[in-house]
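Colleague: The sequence shown begins at 1 in this note's numbering and counts up one residue at a time.
Rather than coming from a laboratory, the hints here were simulated on the basis of the structure.
For glycine and all other residues, C-beta sits at the position ideal for the given N, C-alpha and C.
Wrong hints could be hidden among the right ones.
Said to hold, decoys possible - Across the chosen pairs, the derived CB separations fall in these ranges:
id	residue 1	residue 2	range
1	F99	Q122	19 to 25 Å
2	D100	L165	31 to 37 Å
3	R144	E14	18 to 24 Å
4	R185	A117	19 to 25 Å
Claimed, not checked - Restricting the straight-line Cα-Cα distance to at most 16 Å, the calculated cross-link-like pairs of lysine to aspartate or glutamate (EDC-like) are:
id	residue 1	residue 2
5	K25	E148
6	K164	E175
7	K135	D97
8	K135	E177
9	K135	E166
10	K25	D69
11	K164	E154
12	K25	E14
13	K164	E148
14	K21	E148
15	K21	D62
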Amino acid sequence: MSTPIAQTYLTPTEYLNWERKAVTKHEYLDGEIVAMSGASNAHNIITMNTANQLYNQLVDEDCLVYASDMRVRVQDPVSYFYPAVTVVCGEPRLEDDVFDTLLNPTVVIEVLSPSTAAYDRQEKFARYQQIASLKEYILISQTRMQVEHHLRQENRWHATEFQKLEDVVVLPSIECELLLGHIYRRVTFSD
């Protein structure tokens, strides 16, 4: 995931102007710029398998599925992230007329790596919870078969974990299912 780069504070507007010209992706944490490392083979397979499952189920619905390049903004504190997969239902609200920053995700999915797992579970999740439209947050391990599903019910988040090939993660906010056997199709785990 991430390595903080030079400790120069940028405003959100400065970040967006700079990021839109950058060759590599960077996340933004209330003024701090965090460089994104390249994704592994497993990360790419899991991301596409997951996005594909959701796209196939939502193709005739009023929802859009984005994979990895759609930035998501958190308002308070101002943060910008690149989730592995994002779903928005209804009209997408975008930050400006460049159309590359989503404000109202319904579901956010992150694919964990050893270097990002704690960050994605804690700080990033705490920030994502500030987005009123967000109903579900899903964390998918790329090093072992494990999916964590966080569902917002009223003002509380409820977590469920899945670890078997035959498990099915039900996403009630978008009326979809994710089959672990499909998420992990052609993924090889090292011992």
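Colleague: None of the hints should be skipped; say for each whether it holds.
Modeller: We went through each hint and held it up to the structure:
The beta-carbon spacing between F99 and Q122, approximately 30 Å, falls outside the hinted interval of 19 to 25 Å. A hinted range of 31 to 37 Å holds for the C-beta pair D100 and L165, which are about 36 Å apart. As the Cβ distance of R144 to E14 is approximately 39 Å, the hint placing it in 18 to 24 Å is violated. At roughly 22 Å, the beta carbons of R185 and A117 sit within the given window of 19 to 25 Å.
For the suggested pair K25 and E148, the alpha carbons sit about 25 Å apart, so the restraint of at most 16 Å is broken. For the given pair, K164 sits about 21 Å from E175 by alpha-carbon distance, which is inconsistent with the 16 Å threshold. A threshold of 16 Å between alpha carbons decides the hint, and for K135 with D97 the separation of about 26 Å lies outside it, so the pair is violated. A distance of roughly 15 Å separates the Cα atoms of K135 and E177; the hinted pair therefore holds under the 16 Å criterion.
For a cut-off of 16 Å, the pair hint linking K135 to E166 is broken: about 24 Å separates their Cα positions. Of the supplied pair hints, the one linking K25 and D69 holds, its CA atoms being roughly 9 Å apart against a limit of 16 Å. Restraint check for K164 and E154: not satisfied, since their Cα atoms lie roughly 29 Å apart, outside the 16 Å limit. Distance check on the hinted pair: K25 and E14 sit about 15 Å apart at the alpha-carbon level, within 16 Å; holds.
At roughly 12 Å between alpha-carbon atoms, K164 and E148 fall within 16 Å of each other, so this suggested pair holds. Among the hinted pairs, K21 with E148 is inconsistent with the structure: their alpha-carbon atoms are about 34 Å apart, more than 16 Å. For the hint linking K21 to D62, the alpha-carbon distance of about 31 Å lies beyond 16 Å, and the restraint is violated.
Hints 1, 3, 5, 6, 7, 9, 11, 14 and 15 from the list above are not met by this structure, while the remaining hints are.
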